[in-house]
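Throw the hints in and build the complete structure from the sequences for me.
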Amino acid sequence: MFFLKTQSTLDYCIVTLTFNPMSRRQLCYMKSKNEEKAKALDLSWRKFFADPSCWWDRRYNKRKRSSPDFVHCITREALFADSWLNPPWVEAQLLALENQRGNFPARAKYASGRHSNCIAFNRDFNNETSFGGLRRLCGRGELEKAISVARMMQQQGMDISNNAFFYVLRGCMYNGVVAAGMKVFDLIVRAGLESNTYLGSQAIEMFTAFRSLSEANDVFRRLHNPNVFCWSAIIMANVKLGNVENAIFLYDKMMLSSLQADGHTFVAVIKACTNALAIAKGKAIHACIHCYGLHHDSVLGNALVNMYARFGHLSGAHLIFENLPQRDLVAWTSMISGYIQKGCSQAALHLVFRMYSEGIKPDDSMSACILNACAHSASAECGDLIYAQLLGDNLELGSFAASAVMDLYCKFGRLDDASKVFDSVFDRCTVGVWNTMIAGYAMHGHAHKAMALLHCMQTKGLKPDKVTYVNVLCMESTKVDSVKVREMNDFIAKNGFELDTVAGSALLHLHAKTQGFLEDACRLFNNVQEKDVVSWSTMVTCYVRHGYNDEALGLFQRMQQDGVLPNAVTFLASLKACTNVVALQQGNLVHHTVVEYNYESDLFVGSMLIDMYNKCRSLQDSYAVFNKMTIRDSVTWNTIIEGFSYSNFINESLQYLNNMQSQGLKPNQSTFACILNACSSIGLESTPQTFQLFQTHGGLTMKIHNLLVDGFGRSGHLEESDDLLHVIPYSDNKVRWRSLLSYCRTYKNLSLAKQYFWISGPDRDGSLVGSSILC
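In my numbering, the protein residues as written are 1 to 775.
Treat the hints loosely; a few may be bogus.
As the list claims (entries may be wrong) - Straight-line C-alpha distance at most 30 Å; calculated BS3-like pairs for lysine-lysine:
id, residue 1, residue 2
1, Lys240, Lys183
2, Lys240, Lys271
3, Lys411, Lys342
To be verified - Computed spacing ranges between beta-carbons, pair by pair:
id, residue 1, residue 2, range
4, His295, His444, 45 to 51 Å
5, Leu584, Lys628, 17 to 23 Å
6, Cys429, Glu245, 38 to 44 Å
7, Phe249, Asn227, 14 to 20 Å
Source of the hints: derived by calculation from the structure; they are not laboratory data.
Even glycine gets a Cβ: it sits at the ideal position worked out from N, Cα and C.
Rendered as structure tokens:
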């Protein structure tokens, strides 16, 4: 029961109030909450009086009593002039503010805004040297003029508010004007506002949009006391621009300070952990989100689902997915893509149909994402079912989904199906749809179809982009004749296409593999501004293929002088050049570089080193390289066996041949030919044993027959030579019969000599040889 004084004639009246009693804990909690609100209001009012031009004054056109009196024009923060939680000094400051406004002209008191009036001091929307004027210039895209006005205001000693700089920075970011953005930030530094967190966060976002990570990090370092918005902005900048390790480091540094991360910070660092595949760190951040009570946030939940799906922890991703308060398209896409990438096509399909049953239908981007995941996981059946579902819903395929379906079919070689999808796309005004079909034809060697589609694309009024040219240029040159290559050159010159590193390397590769285009390849190589290792390797290979081995070795040296690290292709071409000119000293230098860059254990490079030393007659070096190789295939074994045979080490050749066969590897025709040639040249008795190996493991070609006959004859096995000549399937054996006549003379076999004399024919050469032997 309370006694209340009223405005009626009665002095007092008795009023009985009924209320629910509150515990001491509840009273303390309410008191603490009110204190927090009072502190927040105190801070907001101080911001208001620091720059009143940023606030809309709605006191004179309020429709409801519950509407705020002042609203921040950017953050939409609200203030009530009659709130009982306001600091006691606010009323006096508002009165002083009204008196101060009364000293300005009427047009400066209020500036007519979109929703209401704004408190404005020395501000005029019709005057460019004002906040409103700068904002209007930025809205019209006149950034250079806005910067000139701001610079003039600085030179005249006029103050520029933070919001003016904010709008100019944002205008530069939205319009993508890098140079203007740099100028604005320079003005901010001159004004001494580089440590302002409000401008700092916007500057970080601007430099992130410009893909200038170093400048964004420099802006952050200038901030004395960055708030959580600045930390979130710089962490996201590092994530977007690929420096995920630094993003995680910045998050750890922020957590060591007194600031508390919010949802934006966690989303940024979760993306960093996802891209860096930092499983342990991602789980720790997930636990931190639970501690902060943010685990029911849908945006964070989507990020966590995507993270665990990328990690391959499908059980954890599925648990978070099921506990989401609201599952949007992002969550469904992340979960379905995770299943498909792990090869769980059935689970992915079940989830897709469940999504349909819940009334959620994929948009064009989501359909493309799911179909791309099917292509990467080699799940054609899943892609077919999803495509059929899209057609069943009578959905018109957009450019993204259509490109994904065509890419899926092209990767599985189903070009007819891809062509049908391409023909069914109603909206073919985007270059991406054409690029996908051209890439499919180029991938499978249909060069003429790709070129025809390229011409058709231009007749439709579409201009090819870099991806189009790269797709066409990456075709196998065996499918493209010289006429097509020259047509491609004229086509590029006609359209004014500038060659960057990727396109230049692709065009150079096409010229290098086509005969008669060495000069064009050299000119293209010189015109490429930024040459990467692919460009250098292609040009070295081109020189070797056309027989310019010295030029290839010179280019290999120049490549290293320019600071480009060679790869396996470069080493293979350089070693081939050394082999062709039998340059042992140059080969040793290339071998030293191979060892320096740890390519000696490479299977192909090692085999080429052995072959180079074989041809240079340096069997000891060849043997050393072979012993250092940890992985050897049939090419490696054949190469070392041929090396022993070249140097007439027949016993070693046969020993390595047996070792090779004991490991389940088969020799080739070249290996047998080398061994037989060595046996034949020195007349060893091992020729019959080698013949037995041929019968077991090798085929008898014409070259092998000749070597066997010659080997049997040199070693005195004339009867074996005679038997072999009678079973040779080749009709013209007269040359081989005559060669045996000379061996009959060597080994005094008169009976076979008489036989060979009549078989070889009565021509002049055979008669002379036979007569000399019989005599």
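Within a Cα-Cα threshold of 30 Å, do lysine 240 and lysine 271 meet the stated pairing? With a Cα-Cα distance of about 9 Å, the restraint between lysine 240 and lysine 271 holds, given a limit of 30 Å.
Status of the given 45 to 51 Å range, CB of histidine 444 versus CB of histidine 295: For histidine 444 against histidine 295, whose Cβ atoms are near 49 Å apart, the range 45 to 51 Å holds.
Keeping to a limit of 30 Å between CA atoms, is the pair of lysine 240 and lysine 183 held or broken? With Cα atoms ~24 Å apart, lysine 240 and lysine 183 stay inside 30 Å; holds.
Please test the hint of 14 to 20 Å on the beta carbon pair from phenylalanine 249 and asparagine 227. 19 Å, holds
Pair hint outcome, lysine 411 versus lysine 342 [Cα-Cα no greater than 30 Å]: With Cα atoms ~18 Å apart, lysine 411 and lysine 342 stay inside 30 Å; holds.
Cβ separation of leucine 584 and lysine 628, checked against the hinted range 17 to 23 Å: 19 Å, holds
I want to verify a distance hint. Is the separation of the beta carbons of cysteine 429 and glutamate 245 within 38 to 44 Å? About 41 Å separates the Cβ atoms of cysteine 429 and glutamate 245, which means 38 to 44 Å holds.
Every hint from the earlier list agrees with this structure, and none is contradicted.
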